[in-house]
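There are 6 protein chains.
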Amino acid sequence: MKYINTLREGENIREIYFCKNCQSAVTKNGKEYLRVTVGDKTGNLDGMIWDPSDGGIENFEKNDYIEIAAEVRNFNGALQLNIKRVRKLRDGEYDPAEYMPVSRYTIDEMFAELMGYIGEINEPHLQRLLLDLFENDRAFVSEFKKSSAAKSVHHGFMGGLLEHTLAVTRMCRFLADSYIYLNRDLLVCAAICHDIGKVKELTAFPENDYSDSGQLIGHIVLGYEMVSQLGAKQEDFPPKLLRELLHCILAHHGELEFGSPKKPALAEAIALSFADNTDAKLETMREAQENTAVMENGWLGFNKYLDSNIRKTSQPEE
Amino acid sequence: MKYINTLREGENIREIYFCKNCQSAVTKNGKEYLRVTVGDKTGNLDGMIWDPSDGGIENFEKNDYIEIAAEVRNFNGALQLNIKRVRKLRDGEYDPAEYMPVSRYTIDEMFAELMGYIGEINEPHLQRLLLDLFENDRAFVSEFKKSSAAKSVHHGFMGGLLEHTLAVTRMCRFLADSYIYLNRDLLVCAAICHDIGKVKELTAFPENDYSDSGQLIGHIVLGYEMVSQLGAKQEDFPPKLLRELLHCILAHHGELEFGSPKKPALAEAIALSFADNTDAKLETMREAQENTAVMENGWLGFNKYLDSNIRKTSQPEE
Amino acid sequence: MKYINTLREGENIREIYFCKNCQSAVTKNGKEYLRVTVGDKTGNLDGMIWDPSDGGIENFEKNDYIEIAAEVRNFNGALQLNIKRVRKLRDGEYDPAEYMPVSRYTIDEMFAELMGYIGEINEPHLQRLLLDLFENDRAFVSEFKKSSAAKSVHHGFMGGLLEHTLAVTRMCRFLADSYIYLNRDLLVCAAICHDIGKVKELTAFPENDYSDSGQLIGHIVLGYEMVSQLGAKQEDFPPKLLRELLHCILAHHGELEFGSPKKPALAEAIALSFADNTDAKLETMREAQENTAVMENGWLGFNKYLDSNIRKTSQPEE
Amino acid sequence: MKYINTLREGENIREIYFCKNCQSAVTKNGKEYLRVTVGDKTGNLDGMIWDPSDGGIENFEKNDYIEIAAEVRNFNGALQLNIKRVRKLRDGEYDPAEYMPVSRYTIDEMFAELMGYIGEINEPHLQRLLLDLFENDRAFVSEFKKSSAAKSVHHGFMGGLLEHTLAVTRMCRFLADSYIYLNRDLLVCAAICHDIGKVKELTAFPENDYSDSGQLIGHIVLGYEMVSQLGAKQEDFPPKLLRELLHCILAHHGELEFGSPKKPALAEAIALSFADNTDAKLETMREAQENTAVMENGWLGFNKYLDSNIRKTSQPEE
Amino acid sequence: MKYINTLREGENIREIYFCKNCQSAVTKNGKEYLRVTVGDKTGNLDGMIWDPSDGGIENFEKNDYIEIAAEVRNFNGALQLNIKRVRKLRDGEYDPAEYMPVSRYTIDEMFAELMGYIGEINEPHLQRLLLDLFENDRAFVSEFKKSSAAKSVHHGFMGGLLEHTLAVTRMCRFLADSYIYLNRDLLVCAAICHDIGKVKELTAFPENDYSDSGQLIGHIVLGYEMVSQLGAKQEDFPPKLLRELLHCILAHHGELEFGSPKKPALAEAIALSFADNTDAKLETMREAQENTAVMENGWLGFNKYLDSNIRKTSQPEE
Amino acid sequence: MKYINTLREGENIREIYFCKNCQSAVTKNGKEYLRVTVGDKTGNLDGMIWDPSDGGIENFEKNDYIEIAAEVRNFNGALQLNIKRVRKLRDGEYDPAEYMPVSRYTIDEMFAELMGYIGEINEPHLQRLLLDLFENDRAFVSEFKKSSAAKSVHHGFMGGLLEHTLAVTRMCRFLADSYIYLNRDLLVCAAICHDIGKVKELTAFPENDYSDSGQLIGHIVLGYEMVSQLGAKQEDFPPKLLRELLHCILAHHGELEFGSPKKPALAEAIALSFADNTDAKLETMREAQENTAVMENGWLGFNKYLDSNIRKTSQPEE
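Protein chains in written order, with my numbering: chain B, 553 to 870; chain R, 553 to 870; chain Y, 553 to 870; chain U, 553 to 870; chain V, 553 to 870; chain G, 553 to 870.
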């Protein structure tokens with residue numbers, strides 16, 4: 553496949569790209585044409601379809617995968633596609649991973665590890681609640697595996713939600729080992745479902761944007777409600793334990809001003825909020841080091857989320 | 553009835569009071585006795601039962617209403633009851649309004665007015681949701697009518713939740729009249745149910761304290777969940793409208809740092825949060841003027857909730 | 553009239569516009585020309601006068617209304633006027649409402665309503681103070697009717713100050729009805745004159761920008777001083793009442809960090825600050841819905857003044 | 553004079569004290585008596601007048617100076633006066649400096665220095681404005697000389713306002729010498745009148761408490777208004793210069809949250825706000841060192857106004 | 553040993569306690585006596601030595617260990633010691649652990665574990681720096697082992713600094729395993745020495761209070777300087793690596809307002825600040841659960857450091 | 553010399569400029585060329601070297617001073633240099649003051665004044681410490697004299713650090729005269745060395761950017777360490793006095809959130825922090841007035857560092 557960041561002026565290509573945008577426009581002469589933006593995981597490029605009624609141009613819309621035949625041209629110093637033919641693709645004719653950012657890790661391996669942690673839980677109601685969701689709710693599992701953990705900031709890629717959930721869960725297991733007064737089953741269970749509301753907060757890839765629910769309600773309360781309903785399914789779920797689990801979810805951002813309607817009141821809620829924050833910040837730093845151009849002196853500039861100028865650490869051999 | 557703030561040293565009384573506390577203790581000589589605190593709406597008084605095993609002392613506990621025979625004595629400069637007899641009362645033998653703070657308004661009249669506003673709502677799903685709760689759920693209605701709107705601060709009395717709900721609803725109706733782009737039915741419905749979570753956040757009178765749910769989850773999310781479940785009962789409830797109603801509830805504190813997990817994103821959520829805040833502050837001021845000793849110069853001192861020194865305004869005739 | 557947002561390349565026009573800017577410049581060949589920006593209520597457009605000494609070009613300056621003859625041309629992808637003739641207009645030759653944003657409501661009707669509220673005030677000193685200003689001070693009334701309530705943000709149009717004042721006054725009358733311990737005359741009087749300092753803070757339209765007084769002193773203190781002087785004119789004005797009125801004006805922004813030198817200490821000051829804030833926010837939301845392009849999903853993006861992402865509420869029929 | 557902090561049990565005294573409080577009470581036997589608090593600059597003491605109708609007890613009130621004959625007794629471990637005779641004094645019969653905290657410096661010398669700085673001002677309008685106040689307004693001068701600069705915090709003593717004004721003026725003269733782009737006359741004039749509103753904000757000694765104006769309006773706006781009126785008396789006062797002077801007064805607290813309705817926008821306003829703050833903090837530190845018990849390790853504990861633990865610096869010889 | 557919290561009125565005791573305070577006073581009759589406060593790890597008790605010149609009263613001072621013979625009396629409802637004899641003890645005659653709070657863990661075992669982590673470090677300069685301190689500097693090691701990590705708040709006991717250091721180091725090792733882009737040696741080294749400045753910030757037990765250095769400089773900069781000097785001892789220490797280590801120490805409080813002069817700019821500094829904060833908060837919660845009386849409903853009240861109401865989590869069997 | 557802001561299209565020049573940047577690039581045809589940015593104190597200009605291998609193009613790098621022969625051309629509306637010849641210069645062939653911003657004052661005169669203040673110090677250890685640095689450490693003195701006090705903001709020019717240090721020292725001397733309880737020698741010494749860490753925080757001109765140490769450690773702690781080492785050189789330096797000096801340096805930003813790890817606890821630290829802040833703000837205002845275009849109404853727009861709209865004050869003659 554010819555990635556967008558390798559195209560050169562003058563080339564004629566036939567490639568599959570993802571259509572990020574498509575708008576109708578009119579030339580000064582009153583002729584209709586289409587402005588299109590296509591993309592792959594390496595970037596985006598604008599293109600023009602000057603004759604949309606041409607038989608070689610199939611109907612397609614924003615968010616479709618399309619195969620195009622086009623010439624790469626230079627317009628006012630920027631490359632542009634002059635698109636001659638468009639074919640709309642069906643699922644299976646393309647590999648989404650070429651078009652969307654994806655996790656470095658294998659999704660199924662990560663999920664298997666997560667299921668292993670569910671298997672370790674001794675408290676039967678907590679384990680049953682998790683199994684009802686992660687084993688029996690196929691629709692949820694399918695969305696959960698593909699979801700990102702954010703629109704941008706950190707873990708903004710397919711599998712990002714699973715990768716983040718796993719990292720937080722591992723850290724909570726470590727904390728339960730270290731601080732033995734913690735209720736391990738409660739903490740691990742809370743870690744596993746702390747961000748499940750994100751499957752509703754964000755739309756699926758390739759869009760990966762805030763849904764109406766996401767903006768009006770938010771993943772904290774959406775996740776609270778999902779867990780509350782799962783708890784209600786078990787008639788004998790100890791009500792105090794369920795409240796504690798729900799509190800951990802509500803309080804996992806740690807501070808009211810970060811969107812938690814309650815500050816952590818239980819040790820497990822404190823532990824979870826630190827694990828969540830630690831993974832978020834360390835992954836943000838990792839992504840910044842990967843994606844940001846390093847300045848001469850090793851500094852990466854100001855990172856808004858970390859609220860600091862940041863730099864790569866020297867490596868042992870340096 | 554002889555109110556506690558009128559008792560004088562040397563009196564012998566037979567009166568009904570509410571038992572606020574009751575603890576067993578041991579004298580230096582190893583004899584068991586009971587320390588009791590009784591109260592009515594005018595104040596509290598400590599008392600001693602030196603011979604708990606006496607036949608005239610019925611079994612009773614904290615939060616019981618008891619009829620006592622006692623002598624009022626002076627101990628180290630403070631009045632104290634020497635309790636000779638105790639009879640535990642049953643519901644109906646006393647008038648709770650003598651023991652708890654109550655609204656200045658008649659609860660049934662306030663409730664009737666509220667039901668009138670529900671009757672005005674045109675959007676059928678919103679009206680049905682409110683009727684399911686305020687007409688059909690007798691247990692809820694019974695609690696709602698008696699609940700306060702706070703442990704202290706403002707509206708901390710029986711009927712306070714209803715009185716506050718009514719004031720906010722009236723103000724939202726006024727705003728809907730004034731700003732015609734507002735969705736009147738949505739706004740009035742949100743006003744009526746914005747604080748229903750408080751019936752779960754606070755325990756019933758006479759305790760009127762935060763429940764475990766209240767502290768771990770809070771009335772905002774508890775109310776959200778109640779409305780969400782009521783909405784789910786109507787299969788054809790327009791999902792977008794339900795989300796908007798739920799958002800108004802979540803956002804009604806106006807700011808994240810005041811415990812709303814989302815800032816108001818809809819005009820109705822903004823209107824509701826102002827109506828809620830305006831009533832809270834003006835009622836706080838009213839109660840402060842009623843309860844606080846006025847200093848020589850008319851000032852009432854610093855009010856923590858209003859974050860200002862406050863003073864009574866001069867009256868027209870002054 | 554041909555509005556600026558309807559002009560097309562190639563047209564020859566003869567229209568009246570408002571001159572927003574006019575600067576002399578020199579071509580590379582050393583020839584003087586004029587760069588002009590003209591505007592109407594639909595937008596602005598740049599233009600060139602290549603021969604300023606031509607007899608058809610009358611003398612004019614920034615902030616004049618001018619009638620121009622010009623050709624609409626395309627320069628580097630943007631439209632531009634090639635101006636051949638300019639005639640400077642006198643008052644009366646144009647309709648300012650075509651060039652400035654104006655209130656949706658009739659100014660005289662709004663003013664009559666406001667005068668009605670002054671008529672309702674029973675306390676004679678307060679009423680006399682208002683009449684001295686709104687009835688007897690013609691210069692003030694003329695400025696007040698035309699003034700905006702802000703440079704931008706909300707009510708940034710002619711009549712905006714009157715429209716805002718009226719909305720706040722109506723809300724304060726409602727609050728005085730609802731909270732009967734409020735001093736109604738004081739509150740309504742304070743509402744009517746809370747923002748009068750804005751006639752000095754902002755320059756008149758078409759400029760509508762902060763004056764030197766506005767930036768150095770601000771409308772809160774300017775309004776305070778105006779009311780203080782009006783009060784001093786009445787020898788028998790009760791001093792305590794005058795202080796209370798002045799306090800309401802000083803405290804109407806509610807918080808020190810919003811520019812009030814005192815926090816509200818009186819119930820009426822609290823009520824006024826909420827009425828002011830509620831109208832400001834609900835009008836901001838209304839204007840945002842009118843002026844902002846709605847995104848696919850109904851959201852309007854982040855609104856800085858409301859400090860939130862905002863969206864239009866679904867309408868009853870949706 | 554026998555100071556209150558030197559009285560011993562068993563003494564019989566005849567001394568002049570200031571009456572800080574006087575309240576009527578009733579014994580258990582129904583007999584009326586008076587509870588009195590008297591004070592001097594070393595402290596306060598409670599006393600009882602058991603027979604108020606005795607001919608030796610003249611009528612007197614709170615805030616009177618009284619000569620008393622009394623026995624010093626021990627009641628429950630604390631000293632108390634048993635007052636037998638009371639004579640109410642007239643002005644001149646006592647030395648207020650024995651009863652109120654006073655400046656370490658001679659008031660007339662300080663005032664003469666201040667007048668010298670007024671004499672240095674070259675700009676005629678500014679100088680005339682200051683002379684109108686500090687030379688021609690005898691009532692003001694009399695109050696100004698006796699006023700404190702605060703109820704407590706710093707400079708809370710007679711002459712404190714003058715002492716603080718002088719310190720700020722000296723520092724502003726230094727700054728005008730150092731930063732020659734500053735408008736020296738404007739800055740010195742602003743320094744001299746920056747706090748004149750305090751003569752209205754605080755009541756006179758011995759009360760020295762916030763007045764109604766002080767709480768509702770505050771010294772910043774009160775001072776603004778005094779200067780504005782003084783400026784208006786000079787018909788030819790340059791309006792821009794007057795606005796600048798008024799701005800310096802409004803902005804002299806430096807930040808909105810400290811009660812200035814405007815942030816400093818002029819260099820002179822910045823200079824004044826620093827001079828004001830520097831003197832306030834250094835005087836607070838001086839008073840803390842004088843009045844606070846030094847702990848073993850030299851530390852003085854936490855100072856709320858300085859928001860820090862503070863300690864005395866070691867002296868050169870240490 | 554008879555602990556202070558077990559003493560009863562009327563007992564005659566001969567026990568060793570720690571003298572927390574000792575002050576000379578004078579009775580009304582002019583006779584000198586001593587007011588003493590003695591303590592052990594269960595609490596404090598006041599005592600009187602009415603005849604300090606008695607031969608049975610050896611010279612002693614605050615912070616001495618003393619053996620006393622005394623009678624336990626009741627004075628105004630509180631127990632008090634009437635001390636007859638005092639003998640000042642020498643080191644070795646008492647067990648400090650009976651008088652000071654100590655870690656639950658064995659200090660030598662903890663220290664051995666810490667040395668093990670130093671042994672794991674591969675980077676030779678970092679390891680040598682740690683060995684210079686933790687192996688070769690006997691005076692430091694002796695202080696480090698006994699020091700607390702705080703005056704109060706959390707880890708305020710002997711061995712607390714070591715216990716906290718160990719917990720942070722373990723967590724950093726876990727993070728280095730989980731986020732492989734972290735420089736493990738740098739992170740573990742920084743963890744081990746992040747709080748070494750506390751041996752200078754706090755005085756030794758039994759005082760355990762802030763030193764003059766502690767208050768004026770603080771443990772962050774004191775620790776920075778210690779590490780900087782250790783680094784300077786190795787001529788070939790890579791300067792960039794040393795700066796990174798020093799940065800981790802400076803930034804380990806995570807935010808400027810918590811006393812770090814720099815925000816974390818390196819991934820290791822972020823990791824360390826989270827590990828430090830997580831241990832501090834989880835240990836605070838543990839101590840609160842151990843030391844605070846649980847209210848009826850399981851809640852422990854408001855915890856200032858955690859800035860939240862807190863409660864014990866229900867245990868698995870509940 | 554022909555300054556960059558005077559160059560016109562079409563000129564052929566031979567001038568010495570400072571090379572701010574130099575990057576290799578490739579044309580579409582695959583030919584290598586150099587993009588260069590040159591500057592002097594009046595501004596920067598981009599240039600192209602189309603034939604880098606030409607014999608007339610000597611080797612040079614970023615931060616070199618170069619003499620160029622070039623033609624001034626217009627490219628897309630902006631001037632650009634077409635560079636034909638480049639000669640790299642040696643120190644002495646150019647006058648740095650033409651290329652870097654420099655202080656208005658003579659560096660040697662400023663330094664002499666500073667040395668005079670050192671000469672006035674009576675406390676021998678403090679004076680010796682300063683002489684060790686400002687007299688005996690030639691390398692430091694050379695850097696100190698040339699350093700700026702900031703990358704931008706204020707005093708961002710050669711000699712800026714010295715100019716700022718001098719202004720702060722003068723103000724501290726004034727404060728020591730005014731507040732006689734201050735330890736004058738300590739305060740003046742602290743003023744002189746409060747910012748010496750900036751010689752390490754910022755790289756030398758022409759770069760004048762944050763060094764790695766500057767970003768990771770910061771000038772406050774770097775300066776602390778320098779003074780601490782100087783103090784350690786004097787065996788008999790009174791330790792308490794040294795701690796006080798070091799505290800003044802650490803606390804000179806006044807607030808934790810401005811990067812001081814400790815709040816001022818000593819009067820001298822308070823005095824120094826005000827002097828530092830006052831000079832910083834007044835110099836910022838001076839530079840803003842010099843560098844910012846004044847708007848029609850005299851206003852200079854919003855200044856981020858002063859956090860306010862600012863304006864020039866009217867001058868006496870206005």
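One should not assume that every hint holds.
What the hints assert, rightly or not - These stretches of chain Y come out as covered by chain U in the derived footprint (C-beta under 8 Å, 3 or more residues): (1) 764 to 778; (2) 791 to 805; (3) 809 to 817.
Said to hold, decoys possible - Dumping the calculated DSSO-like pairs for lysine-lysine here, alpha-carbon to alpha-carbon at most 27 Å: (4) 785/G - 785/V; (5) 614/U - 703/U; (6) 752/G - 815/V; (7) 614/U - 640/U; (8) 856/Y - 856/G; (9) 785/R - 703/R; (10) 785/G - 815/U; (11) 614/U - 864/R.
Read the hints as simulated data drawn from the structure, not as lab findings.
For glycine and all other residues, C-beta sits at the position ideal for the given N, C-alpha and C.
How the hints compare with the structure:
1. 764 to 778: Since 10 is at least three, the answer is holds.
2. 791 to 805: holds (count 6)
3. 809 to 817: Holds, because 7 residues of the stretch 809 to 817 of chain Y bring their Cβ atoms closer than 8 Å to Cβ atoms of chain U.
4. 785/G - 785/V: 16 Å, holds
5. 614/U - 703/U: Roughly 19 Å separates the two Cα atoms, so the pair holds.
6. 752/G - 815/V: 19 Å, holds
7. 614/U - 640/U: 11 Å, holds
8. 856/Y - 856/G: 18 Å, holds
9. 785/R - 703/R: Status violated; Cα separation ~32 Å.
10. 785/G - 815/U: Measuring from Cα to Cα gives roughly 47 Å; hence the hint is violated.
11. 614/U - 864/R: Cα-Cα ~24 Å, so holds.
The structure fails hints 9, 10 (numbered hints given earlier, in ascending order).
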